[in-house]
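Participant: Now for the letters of each chain:
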Amino acid sequence: MPETRYIKAVNQALADAMEADPTVFLIGEDIGAAGGSFKATRNLLEKFGPERVYDSPISEAAITGMAVGAALTGMRPVVEIMFMDFTTLSMDMLVNQAAKARSMFGGQGSVPMVLRTPHGGGLNAGPQHSQCLEAWFAHVPGLRVVCPSNPADAYGLLRAAIDDPDPVIVVENKALYAMKGDLPDAPEDRERIEIGKGRIVRPGRDATVVSYGAAVAMAETAAETMAEEGIEVEVIDLRSIQPWDESLVLESLTRTHNLVVAHEAVEAFGVGAEIVARMADIGFDQLDGPILRVGAPFAPSPFGKTLEDAYRPDANQIVAALRRTLA
Amino acid sequence: MPETRYIKAVNQALADAMEADPTVFLIGEDIGAAGGSFKATRNLLEKFGPERVYDSPISEAAITGMAVGAALTGMRPVVEIMFMDFTTLSMDMLVNQAAKARSMFGGQGSVPMVLRTPHGGGLNAGPQHSQCLEAWFAHVPGLRVVCPSNPADAYGLLRAAIDDPDPVIVVENKALYAMKGDLPDAPEDRERIEIGKGRIVRPGRDATVVSYGAAVAMAETAAETMAEEGIEVEVIDLRSIQPWDESLVLESLTRTHNLVVAHEAVEAFGVGAEIVARMADIGFDQLDGPILRVGAPFAPSPFGKTLEDAYRPDANQIVAALRRTLA
Amino acid sequence: MKLDELARLHRQMLVIRRAEERLQKLFADGLVPGFLHLSIGQEAVPVGVSEALTDCDTVSSNHRGHGHTLAKGVDLKGFFAEILGKATGLCKGRGGSMHVADLSKGMLGANGIVGAGLPITTGSALALKMQGQGAVAVVYFGDGALAEGVLHECLNIAALWKLPILFVCENNGWSEFSPTERQLATSLDKLAKAFGIKYSAVDGNVVADVATTSARLVKAMRKNAAPAVLECSTTRVRGHFEGDRQDYRDGDEIAALSERDPIRLSATAMAQAGGTPEMLAEIADAVDAEIEAATQAALEAPLPSSADILTDVYTSVAG
Amino acid sequence: MKLDELARLHRQMLVIRRAEERLQKLFADGLVPGFLHLSIGQEAVPVGVSEALTDCDTVSSNHRGHGHTLAKGVDLKGFFAEILGKATGLCKGRGGSMHVADLSKGMLGANGIVGAGLPITTGSALALKMQGQGAVAVVYFGDGALAEGVLHECLNIAALWKLPILFVCENNGWSEFSPTERQLATSLDKLAKAFGIKYSAVDGNVVADVATTSARLVKAMRKNAAPAVLECSTTRVRGHFEGDRQDYRDGDEIAALSERDPIRLSATAMAQAGGTPEMLAEIADAVDAEIEAATQAALEAPLPSSADILTDVYTSVAG
Ligand SMILES: Cc1ncc(C[n+]2csc(CCOP(=O)(O)OP(=O)(O)O)c2C)c(N)n1
Ligand SMILES: Cc1ncc(C[n+]2csc(CCOP(=O)(O)OP(=O)(O)O)c2C)c(N)n1
Ligand SMILES: [Mg+2]
Ligand SMILES: [Mg+2]
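Residue numbers (numbering that gives the first Met the number 0), protein chains in the order written: chain P, 0 to 326; chain V, 0 to 326; chain A, 0 to 318; chain U, 0 to 318.
Simulated from the structure, these hints should not be mistaken for laboratory data. It is possible that part of the hints are untrue.
[What the hints assert, rightly or not] Pairs of lysine-lysine, PhoX-like flavour, derived with a Cα cap of 20 Å:
1) Lys218(A) <-> Lys161(A)
2) Lys192(A) <-> Lys197(U)
3) Lys189(U) <-> Lys192(A)
4) Lys189(A) <-> Lys218(U)
5) Lys304(V) <-> Lys24(U)
6) Lys189(A) <-> Lys197(U)
7) Lys304(P) <-> Lys24(A)
8) Lys128(U) <-> Lys189(A)
9) Lys189(U) <-> Lys197(A)
10) Lys192(A) <-> Lys218(U)
11) Lys218(U) <-> Lys128(U)
12) Lys197(A) <-> Lys24(U)
[To be verified] Quick look at which bits of chain A chain P covers, simulated, 3 or more residues with Cβ under 8 Å:
13) 24-38
14) 125-135
15) 142-153
16) 176-188
17) 293-305
Glycine residues also receive a C-beta, built at the ideal position from the N, C-alpha and C atoms.
Isolated chain P (complex conformation):
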């Protein structure tokens, strides 16, 4: 399946996981006959039947909590929350229940559930349908958080998340759903991607940009721009946010000595803050310049194209940050 779209890769991962393990099942709103609002579950009801694909009422708290209970009872539920903004209705179940069960029960069991949800802008969907809230979940011990930047990663991280014995939030960037990329035809060739490991997307010696999700492509564009001036920028795709690949970032920094962190989420108190903070500690001696962040400004995501375009971080901002840290 060369030229597989990101959303199709998600779909394939779900299908392959369901094929491989009868305890995997899906629950979410309009994920059955309708195949999901973004079509991540297209044809899965037909393929696996209503006993594996549950089209739920509009009850986010209940379905997330049901996943916790089903996971504690031997199943591997995969919940779809239609927009990440709606996880605000699932927080107790994710944070107080799923995340803590294993630890507070003294390691008796685990909660092998996955919650998939799209974040990000680009659809002019406005302040309640565009938020990137992954920093919240990354702050919660017991949860894992991943955020794929391309179709192959969407496949591989989702498979790994479903295999994982602990609760994993899989954050998909909705603007990437139409992105094309390669995915092997043979099921056995399709690879899982280890949670917690990042990837050097483009090597470079002068500065490092750490990013994830939709920001990876922006970072690559920024790196190309800088390359024209002879500045070689290394681009890292974190892939996993919790845990994140601290040693990969540190290792890169020890070579480039300059660091920019870029993501689509609001900059203040975002994921980037943690990465910077760690590097300002363990990487301090390596730094040649300030560590800069690129993220959304401190405002709700506005509706409307001009405003949203101005609001969303882009490659130019990464270029500007690179220039500033290298100055």
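Please arrange chains V, A and U with the ligands on chain P, whose structure you already have, making use of the hints.
Facilitator: Quick look at chains V, A and U with the ligands alone, frame taken from chain P:
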């Protein structure tokens, strides 16, 4: 009222605000006849009657949302959520509604509501009754977050929060509720504290510790320990977390050149990360050593005294961080 | 109902209908950013309910809120401009279709979160009760929202504290792409009964019925604060949002909807009350002109400046 | 009910009672960290319900969960050690009173969040239904939890999907320091009816009645998966938590509770069925010895090592 306890200062702030403004009212669970689980609202039902003090059913989402609607209808509601862990049930109303109404309605109005809630450990209350989740709210444009470290601040910040035209989360540290401090007898002498301004609690020239809430006292203890060795540590109490007093911290850093940030919340992706990240940008040239953080380890807050004691950050950890950055 | 009253209601419904039809075209032309949920076929509900309301009363709405907004009397130009994301919009182009609000008219906002209007309106009703002027609060929600837990919390509190809130359910049988019956093991009459809340059902496509029942309920509420539930059976003609081809829906079902078209029904009612074709034509022309003017103004209006992104996040700058 | 059966139930209730009385003392002596919510006066509910259950069935509980836990058959030593925060506790001393769990017995945990057990158990019921072995899930919750929206969501889904879940409400009339009647405009029978869920009410202090009704409901559920609601009227004798002096409660009301003491009632029932005072004394002695042994073991057990704080947060180390 010299020797006023923190909880009594909260109570006084509520009483004074209700006295001053008939649109201020209270809503929460068992806040009426029972005076609140921690007695923050003691006697207020008697004083102001059931039309100003609403003892609510156990419905956190509804009461938080009702505060949004009442605020949009000309009132100044103050919600009590009994433990910060339970704000997980109020997230949609806080994040999608309260925080965004003003901006997404184009500045037509505002949401002058306050949500008071206690965070933190020390009661052996375990993983679902001890969390410090302020970093979540600080990441949400449209919300303000404050966290008082002593009785006078508990009074002054709460009064300012109630006056504020925008939604404010007032995070009280439950282990501080019994703390004593001064509060003037005459109502007119009791001062509001400007949101967004921090305070130098103890001046010093060799290193800066930035903290808030219960960590302020730990930082002071750490500073005393260091002083015995002739190292003068400046201690800053942020008071406000969103917005936080960036210029005060930067100014301190330009004098001390060494920075430690300490809080009770989980270190990873916590409030401290943002402070470090900003200083690793705008304060980079001032830094003589790595910026270090002190916070809780990446685990749910354990029940039981030994475990909880080991889990909660303390002055020794701040001392160790200071020694490391100064090394 | 008298002819002039019927005509006024008819006109208001037509404003909503034509406005949405115009938006439908503008959307097809790529001029409407974001999601667009049309309420074509449902106009009688907000028009009928709003007859009972003044600017002192508050309403809050959901994702399918154009009718609720216009019926509450908000400015048509500001409405169009908002949905097109223009600086002259009611929300300065920052909210769009899912967040139109006009606080000066007591319109507390459309909402992108299913069920979110419920607690907001319950709180507004509490505020109105405290203010003691006899004003009431109205929340519009769909049948799909009946599954959200916050409904339960709000029915309970509204009943317990005798709040002047009218819960208006627009039951169009659909929740996005699914028939709502597959999502609910209960119904609103049963829930209202469980909480001891007065329940009324009307044909939500007969505007006079909606108006009469709402008037009765609101009048009672103004005198003795207490919640009431009004369930309006109605018809979603278009897809869940524009761009939804409704493959999941029986063609015959959609075709049959025109039988129940609230505007057609209201035209018939007018004729029965002595209305003439000329009268209808006159209304239609006036509405068309109004819509056209608002559309043109919105099309010509400037986009918001990206320099304004941080404006209005807070009322004042702290720190 | 036959004498030996009554005796078994009596014994189980007495284990809970004595365990909690012992905990009450340990708490007064400062040996129990954190909050302690005792279920003294409510023992008949879990003992009666658990009669119908096996280890394959799951239960989940709330903050007042000692009875639910012990009745499900968890190890008494592990239970005591957990509540005292010891390394030998069921949860290695990391959960305490509000989080005792024993997954090997299908006990999915007490819970510090009111209402949280509801969706967890609903999901467990879905899993059990998928697994097709006829197992059922039971959720215990208090009357105060009836105000949480998640109840509505779970009643709906359980009814809609015909899940084998027994909703057991322990209605003790109190929600912390407030009479629950001041918090609710509805009741569980009405809610169950609204969702078409089979509803039964029993005197929750008469263990045989709880057992008989539960057995009937669970049996039906094992054959044809479908939810049921069991409301047990019961009595909270102690304060909301230890340390609560119950100033808000009428002294006479508390005094009158002993009339309805489930253990006293069960002793009477045993006597009527031919039980002798010696038999009761024998049971009491055996229970006391058991409790004392568990207490001593817990008191002597080591505290968890603070080096273990990061253990068990995740199953394996990623990254
Ligand atoms: C909390 C939440 N969950 C899901 C959605 C996605 N969603 C938008 S509208 C809708 C269906 C609503 O159906 P109904 O309430 O009947 O309104 P209708 O569209 O029929 O007018 C859903 C599921 C949402 N916006 N918010
Ligand atoms: C979500 C949430 N809100 C509030 C609380 C605080 N709280 C603990 S128990 C309780 C009352 C519960 O009453 P009920 O459900 O009747 O149980 P009972 O204590 O009577 O057994 C409350 C309000 C909580 N733990 N969780
Ligand atoms: Mg509908
Ligand atoms: Mg109770």
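Participant: Are 3 or more residues of the stretch 176-188 of chain A near chain P, judged by a Cβ distance of less than 8 Å?
Facilitator: holds (count 5)
Participant: Three residues or more, CB to CB closer than 8 Å: is that satisfied between the stretch 125-135 of chain A and chain P?
Facilitator: violated (count 0)
Participant: Taking 20 Å as the top limit, are the C-alpha atoms of Lys128(U) and Lys189(A) close enough?
Facilitator: Answer violated: Lys128(U) to Lys189(A) is near 28 Å, above 20 Å.
Participant: Tell me if the straight-line CA distance from Lys304(P) to Lys24(A) falls inside 20 Å.
Facilitator: 18 Å, holds
Participant: Between Lys197(A) and Lys24(U), is the straight-line Cα distance small enough, at 20 Å or below?
Facilitator: 51 Å, violated
Participant: Given the hinted pair Lys304(V) and Lys24(U), is their Cα-Cα distance within 20 Å?
Facilitator: 18 Å, holds
Participant: Does the alpha-carbon distance linking Lys192(A) and Lys218(U) stay inside the 20 Å limit?
Facilitator: 31 Å, violated
Participant: Are three or more residues of the stretch 24-38 of chain A within 8 Å, CB to CB, of chain P?
Facilitator: Satisfied; 3 residues make the cut.
Participant: Three residues or more, CB to CB closer than 8 Å: is that satisfied between the stretch 293-305 of chain A and chain P?
Facilitator: Per the Cβ count (3), the hint holds.
Participant: Just to be careful, I want the Cα atoms of Lys192(A) and Lys197(U) compared with a cutoff of 20 Å; is the pair within it?
Facilitator: Since the Cα atoms of Lys192(A) and Lys197(U) sit roughly 17 Å apart, the hinted pair holds (cutoff 20 Å).
Participant: CA of Lys189(U) to CA of Lys197(A), is that 20 Å or under?
Facilitator: Holds, at roughly 15 Å.
Participant: With a cut-off of 8 Å between beta carbons, are at least three residues of the stretch 142-153 of chain A near chain P?
Facilitator: Holds: 5 residues of the stretch 142-153 of chain A have a Cβ under 8 Å from chain P.
Violation of the numbered hints given earlier is confined to hints 4, 8, 10, 12 and 14; the remaining hints are satisfied by the structure.
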